[in-house]
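Just so you know, the sequences run in chain order A and B.
For the first sequence, the residue numbers in the working numbering are 33 to 459.
For the second sequence, the residue numbers in the working numbering are 287 to 481.
Hints in this document: simulated from the structure, not taken from any laboratory.
Treat the hints with caution; some may be incorrect.
[What the hints assert, rightly or not] Pulled a few chain B residues facing chain A out of the computed Cβ check, cut under 8 Å:
| no. | residue |
| --- | --- |
| 1 | 322 |
| 2 | 324 |
| 3 | 341 |
| 4 | 348 |
| 5 | 349 |
| 6 | 352 |
| 7 | 353 |
| 8 | 355 |
| 9 | 361 |
| 10 | 414 |
Note that CB positions come from ideal geometry on N, CA and C, so glycine has one too.
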Amino acid sequence: MRQIADWIILNLFGVADAGSWPYSWLVYLGMMVFAAVLAITFVAIFAGPVTWVERRVAGRIMSRLGPNRVGPQGFLQWLADGLKNLLKEDLIPDAADRPLFRLAPHLVWMGMFGAFVVLPFGAHLVAADLNVGLLYILAITSLVVLGLLMAGWASNSKWALYGGIRSTAQLVSYEIPTAFSLMVIVILAGTLSTQEIVRAQGGWPWDWFVFRNPFTFLAFFLLMTSSLAEGNRVPFDLPEAESELVAGYNIEYSGMRFLFFLFAEWANLWIMAAIGTFCFLGGWQIPGVSPDAIDALLARSHGWSWSWVGLQALSFAIFAIKASWLVFVVIQIRWTLPRLRVDQLMIACWKYLVPMTLVCILGVLAMALLIPQGGVLDYLIRGLMMVVGGALVALFLWRARVNYMLARDSYRKMEGRELWFPPYRLV
Amino acid sequence: MQVQVIGAIVFWALAILTVAGAALVAFSRNIVHSAFGLLAAFFGVAGLFVFLSADFVGMVQLLVYVGGVVVLFLFAVMLTGRIEQVEISNLSRGPLPALAVLIGTVAVLAVVAFQTPWGPSGDMAAEPTTAAIGNALLSQYLLPFEIASVLLVAALIGSVLLASRRKEDELEDQATAEATDQPGDPPAAGPGGEP
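When you get a sec, could you build the whole thing from the sequences and use the hints?
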């Protein structure tokens, strides 16, 4: 955003040196507000439809329909639900600690939303390219823990308190494998800045960090697993285990306050997918276009540059497709795996994830020392890793096809007619 | 000029947040409110670090104190049964020694405050500090860094040793537990849990 602000100062006001111009702070302030509004809008527009996607996927996996009444295929269900929650009465239990009860959703929201500041959406589409970006994400999301704990305690309900305490224990433990698997990236990229991490990779898959060597490949899956736990997603959703705790920390909340917790959860879905994407899957990098070329396009352009706009849109689209794919996989995991027990949760973290991430760090260090970058051996390893990754994707697609065939056959048996293509049409 | 005005606004907002949080810690009757006051104070301090263009230290402050220490405090508070009934077990020290400690602390702080040459240190660009800190830690200050990490590892191992009991103890405990069958303390209730 800084570069775009400088471009505005140069082109709209005709000032070449933004640093000495007395009013440049106004432009910067305006850009900050604009970036914040843009990010909030993005969260709202993402969180809404993704609820519908999640419920439809759940319906498909559980052999039922899911919401399909409001709008085409039920797509507008999220608008109806949002409106309903806005109009609902805002209840605060009598015995609750009122100030903390009101403050808790704000803390959760602040922690989630704070992470959006450094997420690189496109070549220049990042609210602030902080020098300590990755550390900032880890630090600011710890506010979420406190918000959940605050919600659980202020509700003055044993279910809420258990949910809050469980969620805290889980988040505090799983912060460690998350941070360690991100360390792998910091070692490879040599920086904490999110944009620099993307730039250290490339547009083509063999330049992505995930295929760099076996240890980064493993670290990617470790990161996704521990961020599932950090986001309270299945199979780590003990804080809201409905069979044990009714609903966990948000049980006493109603109306819009309740919705804000869910909003934060879905926003977190995007955050975990985005971290996975920009750290391991090449981020917004366009194959065949170097980031420096996009920079030069902005710096050189006096006036409107359509090629710059096009490349921005393309980079955002690439990033969004990769991240949405991860979101889709995470949603499918939610309806596939059973929930872990508390002791299994802790064992999985401390006995498996933490040692494995440590091995990854050591392995990446050893590989960096032993195998020269850009050599034949290096590219051989990358190719091998791509074969493994491609085999996983192929397995995923093949299983999807098998399931579709099964559904098609049983439909033909029950109804006596053919199922026309999209599997969601299982009426 | 305007930049300085904005700077002043940010500074005072952070300072008020820090001091108000600290005041809440000291004066609140509710121990959970105190813990959340500590959160505000730590958050304000992290902001002040960033404001002093010490970005790395600010983030570590947030990560360690907000994400670690406050969470640990809250955890301890919530897992402690009967926290409302405060029993001071150590009665040997009275208010007079406390006063002496207070006067001593205030005196030291006052001397430091009056001897420090306050004032702006001139315009400084917000430069990245992470790489410099990393280089310093792994070259010039390698020995203190390693000693500190050995200390931390020792503390970790020690706490594990204290927390996990030996096999014989466990067997004995099981025998006594079967005989008496005492349930543990339930976690503390929410606010106003007890009338």
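Query raised in the report: Measuring from the C-beta of residue 352(B) to each C-beta in chain A, is the shortest one below 8 Å?
Result: Status holds, d = 5 Å.
Query raised in the report: Does the interface hint hold: is residue 341(B) within less than 8 Å of chain A, judged Cβ to Cβ?
Result: 5 Å, holds
Query raised in the report: With a cut-off of 8 Å, does the beta carbon of residue 324(B) approach a beta carbon of chain A closely enough for the hint to hold?
Result: Status violated, d = 11 Å.
Query raised in the report: For the hint on residue 355(B), does the least C-beta distance to chain A fall short of 8 Å?
Result: 11 Å, violated
**Report entry** residue 353(B) as chain A interface residue, shortest Cβ-Cβ below 8 Å
**Finding:** 3 Å, holds
Report task. Closer than 8 Å between Cβ atoms is the bar; does residue 349(B) clear it against chain A? Give me holds or violated. Result -> With a minimum Cβ separation of about 4 Å from chain A (threshold 8 Å), the hint on residue 349(B) holds.
Query raised in the report: Would the hint on residue 414(B) stand, with a C-beta cut-off of 8 Å toward chain A?
Result: Where the cut-off is 8 Å and the nearest Cβ of chain A is about 4 Å from residue 414(B), the hint holds.
Query raised in the report: Does residue 348(B) meet its interface restraint, that is, does its C-beta lie within less than 8 Å of any C-beta in chain A?
Result: Holds - the Cβ of residue 348(B) comes within 8 Å of chain A, reaching about 4 Å at its closest.
Report task. Using 8 Å as the Cβ threshold, decide whether residue 361(B) counts as touching chain A. Result -> With a minimum Cβ separation of about 6 Å from chain A (threshold 8 Å), the hint on residue 361(B) holds.
Requested in this report: Against chain A, run the beta carbon of residue 322(B) and see if the smallest gap drops under 8 Å.
Outcome: 7 Å, holds
The structure fails hints 2, 8 (numbered hints given earlier, in ascending order).
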